[in-house]
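K.L.:
Residues per chain, in single letters:
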Amino acid sequence: MKHDEAKCFHHLDAIVVGAGLAGLRAALEIARSGFQVAVLTKVYPTRSHSGGAQGGIAAALANSAEDSIDSHIFDTIKGSDYLGDQDVISFFCQEAIKSIYELEHMGVPFSRTEDGRISQRPFGGHSSPRACYAADITGHVLLHTLYEQCVKHNVLFFSEFQVFSLLVDDKVCRGLTAWDIRAGGLHLFHAKAVLLATGGYGRAWKITSNAHANTGDGVALVLESGLPLEDMEFVQYHPTGLYKHGILLTEAARGEGGYLINNDGDRFMKKYTPSKMELGPRDMVSRAEQQEINEGRGIGGKDYVYLDLRHLGREKILSRLPQIYDLALNYLKVDAIKEPVPIQPTAHYSMGGIAANIRGEVIADAAGTVVSGLYTAGEAACMSLHGANRLGTNSLQDAVTFGRVAGKSMSCFVAENDHSALPKEPLAAARTKIDTLTKGDGKERHAVIREELQENMTNYLGVFRSEADMKRVLAVIQSLQQRYRQVRIDDAGAPYNLDLIEAVEVGNLLSFAEVVVAGAILRQESRGAHYRTDFPKRDDSNWLKHTLAWRKEGKIVFDFKPVCIFPQYQPQERKY
Amino acid sequence: MAKTKVSVNILRYNPEADKKPRWQNYDLEVDDESTILDVLNEIHWKMDGTLAYRRSCRSSICGSCAMNVNGRNVLACETPMHRFGRKLKIKPLPGFAILKDLVVDLEDFFAKLKRIKPYLIVNHPIPEKEFIQTPAQFEEITESTLCILCAACSSSCPSSWPNENYLGPAALLKAYRYVFDSRDDGADERLDAVNDKNGIWRCHTIFNCVEACPKKIKITEYLSRLKVKVLENSI
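First to last, the sequence lines map onto chains X and G. In terms of my numbering, the first sequence has 455 at position 455, counting the first letter as 1, and numbering is strictly consecutive. In terms of my numbering, the second sequence has 137 at position 137, counting the first letter as 1, and numbering is strictly consecutive.
Derived by calculation from the structure, the hints in this document are not laboratory data. This structure is a prediction, so every number in the text was calculated from the model and none was measured. Wrong hints could be hidden among the right ones.
Facing chain X, according to a computed beta carbon distance under 8 Å, are these residues of chain G, among others [said to hold, decoys possible]:
hint, residue
1, Leu28
2, Val30
3, Asp48
4, Val69
5, Gly71
6, His82
7, Arg83
8, Ala97
9, Lys100
10, Val103
11, Leu106
12, Asp108
13, Ile126
14, Phe131
15, Pro162
16, Asn198
No residue lacks a Cβ here, since even glycine has one placed at the ideal position from N, Cα and C.
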């Protein structure tokens with residue numbers, strides 16, 4: 001794999017890894033502040049998985065009904081099962097309104113009320129219609145608009161670059177190395193500030209709404225750099241994944257009035273969240289579906305239930321939910337105007353991630369010691385805004401608002417600091433990774449290892465969890481990590497070596513998945529999306545705290561961080 | 001799940017080894033309900049890791065996996081294999097330089113977007129809250145905002161093939177999207193950018209783009225409305 005090393009050194013003020021909403025919004029902020037910023041992305045920016053978000057983006061505009069910032073704050077706290085940090089949540093709900101108007105002024109095509117204002121629709125766990133939307137392609141139009149703003153402000157893009165290593169030591173980030181996917185070859189990026197906006201880690205599951213790209217690369221690199229991950233055991237399973245595919249069917253389908261139906265034809269949510277019915281929070285709706293399935297009331301006794309839209313009528317389905325209609329038709333040959341759509345819970349969102357403070361600075365310990373020059377935002381980050389369970393439409397807002405915040409923090413940092421010296425052998429770690437994958441004994445294929453991991457995570461680390469199951473998965477992951485050392489890729493070439501990229505991604509999956517499972521075993525309670533059949537109650541006296549996890553000498557070690565709780569929002573029993 | 005035997009012919013090209021593209025055949029068994037992307041994944045993961053292609057969301061929104069299957073430009077992820085029977089002939093999007101196998105060079109495709117200034121241009125005061133845009137005004141642009149920049153349209157366009165400078169349907173549709181946005185004041189500069197022999201006038205209303213578009217956007221109709229706007233604007 002030869003390349004011209006002279007062309008492969010880049011000296012910049014700031015680097016953003018990931019071109020989803022968080023990364024693009026941060027880059028825009030830095031560019032507007034007058035600094036050089038490059039965005040590195042493994043896919044073309046408009047291919048990022050923020051574009052997969054469908055239903056809406058939250059802010060208490062009160063355009064379609066009474067609403068208030070306080071109500072948004074309380075809904076988010078309750079939705080988080082009291083694990084969300086309340087300083088972060090309060091700040092977020094206030095900033096959300098400003099973020100929406102800013103996006104609208106940039107040109108985001110939002111669906112409108114009759115009098116021409118931004119229309120808002122109901123969503124699970126929100127007590128008012130708070131989701132600003134563009135039909136069911138909200139993430140798509142936000143992503144394209146922010147990309148176009150970056151084009152306007154001459155943000156430099158390195159599209160189809162995969163990050164291979166972070167250059168972090170002594171709690172200082174100095175840059176990173178990345179592989180040029182198209183041409184092949186390692187590049188060295190020397191920067192004052194680096195943002196990890198690499199998105200979620202849902203690709204560790206077989207049934208997932210996530211894109212192929214969502215392999216938690218930033219999360220894994222942080223772990224590899226000796227820094228902690230926070231609350232990794234909290235993974236959201238979305239209640240309406242397209243059966244067998246896991247592809248997302250937006251919660252807006254229920255926001256617009258869709259029903260969930262079991263084999264007896266019952267709207268079973270009346271047993272679980274009677275005041276909200278189908279618009280209960282996602283953790284509770286997914287558990288309800290799984291319980292119906294486990295108790296034999298899945299459709300035909302199988303592992304799915306129905307999302308029924310028929311009563312909404314043709315016009316509403318085609319105008320408000322056109323993408324959902326097409327997905328059901330193309331993938332399952334189901335015409336949602338005439339038939340109910342088979343759905344099942346699907347791994348969707350990572351509440352956990354890279355431990356960070358409210359400014360987007362990555363932290364190194366429970367005391368909040370900042371890693372100089374390293375930032376994170378969006379789904380990759382854990383601040384913790386979403387606690388144990390995220391409310392729908394808070395994630396797009398999270399990415400945009402905290403992307404802006406991180407961009408501001410980075411601009412200040414870049415203005416006041418020089419580049420830190422690079423290590424002596426900056427490419428060494430990345431080269432070792434490549435060598436390992438090209439010189440292994442070839443007894444194993446990375447795709448086979450990945451499929452075993454995904455199968456185990458879906459079967460045993462899903463909506464319901466138990467110690468016995470999880471210990472088995474942990475052992476499987478540790479044995480897969482051993483087998484991974486025997487992988488040798490088929491493709492020894494430089495240009496567009498998809499084999500190499502996927503192999504590196506599998507290494508990342510195996511690395512953070514161990515933390516997810518170890519954290520879930522450790523947390524002996526049920527809170528939000530983390531439900532233990534052997535510990536079915538929330539345990540505030542022992543577990544109202546964040547988990548921090550490091551990999552030290554091959555072992556996962558833990559520490560804990562208190563939750564920020566305001567006097568007016570003391571934990572209560574969570575009922576809907 | 002029932003299995004089907006398929007014979008898949010893929011146009012391969014490795015710039016480090018091949019002088020020109022060559023066909024390679026793979027025979028395999030896949031689930032009946034497989035998509036074209038599932039078939040490619042099966043080959044790549046189990047049989048031949050050297051095969052290169054683009055994919056990400058697998059839910060027809062990211063636009064990565066546009067390619068040509070049995071003569072049609074499609075998104076591999078949303079296209080069921082059975083639409084084409086048991087013999088598949090897969091090649092990269094026509095009209096673009098091949099980088100490797102099914103991966104084409106899209107740098108120019110994305111660069112062309114910049115020529116039409118793909119962002120809201122506002123010369124009037126910005127309100128404290130949102131711009132007022134009626135549902136009817138929103139409807140004008142709704143369908144055009146569905147574009148996922150997959151390049152299936154530009155690849156299918158005979159006007160694009162002989163002229164690499166032609167803006168092509170995707171960039172022109174983006175021009176439509178902003179010119180017809182009630183909030184935008186940039187029509188003059190944008191219409192100027194498309195009023196050119198490599199701009200809107202090279203669209204000969206052939207309708208291939210409409211047929212190729214996985215989002216079923218009536219691109220030719222929007223481009224025709226853009227032509228009218230250019231004429232109105234120059235009177």
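K.L.:
Each hint: holds or not?
P.N.:
Hint check results:
no.: 1; hint: Leu28; verdict: violated, 14 Å
no.: 2; hint: Val30; verdict: violated, 14 Å
no.: 3; hint: Asp48; verdict: holds, 6 Å
no.: 4; hint: Val69; verdict: violated, 15 Å
no.: 5; hint: Gly71; verdict: violated, 20 Å
no.: 6; hint: His82; verdict: violated, 10 Å
no.: 7; hint: Arg83; verdict: violated, 10 Å
no.: 8; hint: Ala97; verdict: violated, 12 Å
no.: 9; hint: Lys100; verdict: holds, 4 Å
no.: 10; hint: Val103; verdict: holds, 5 Å
no.: 11; hint: Leu106; verdict: holds, 7 Å
no.: 12; hint: Asp108; verdict: violated, 13 Å
no.: 13; hint: Ile126; verdict: holds, 5 Å
no.: 14; hint: Phe131; verdict: holds, 6 Å
no.: 15; hint: Pro162; verdict: violated, 26 Å
no.: 16; hint: Asn198; verdict: violated, 20 Å
The structure does not agree with the numbered hints 1, 2, 4, 5, 6, 7, 8, 12, 15, 16 stated previously, though it agrees with the rest.
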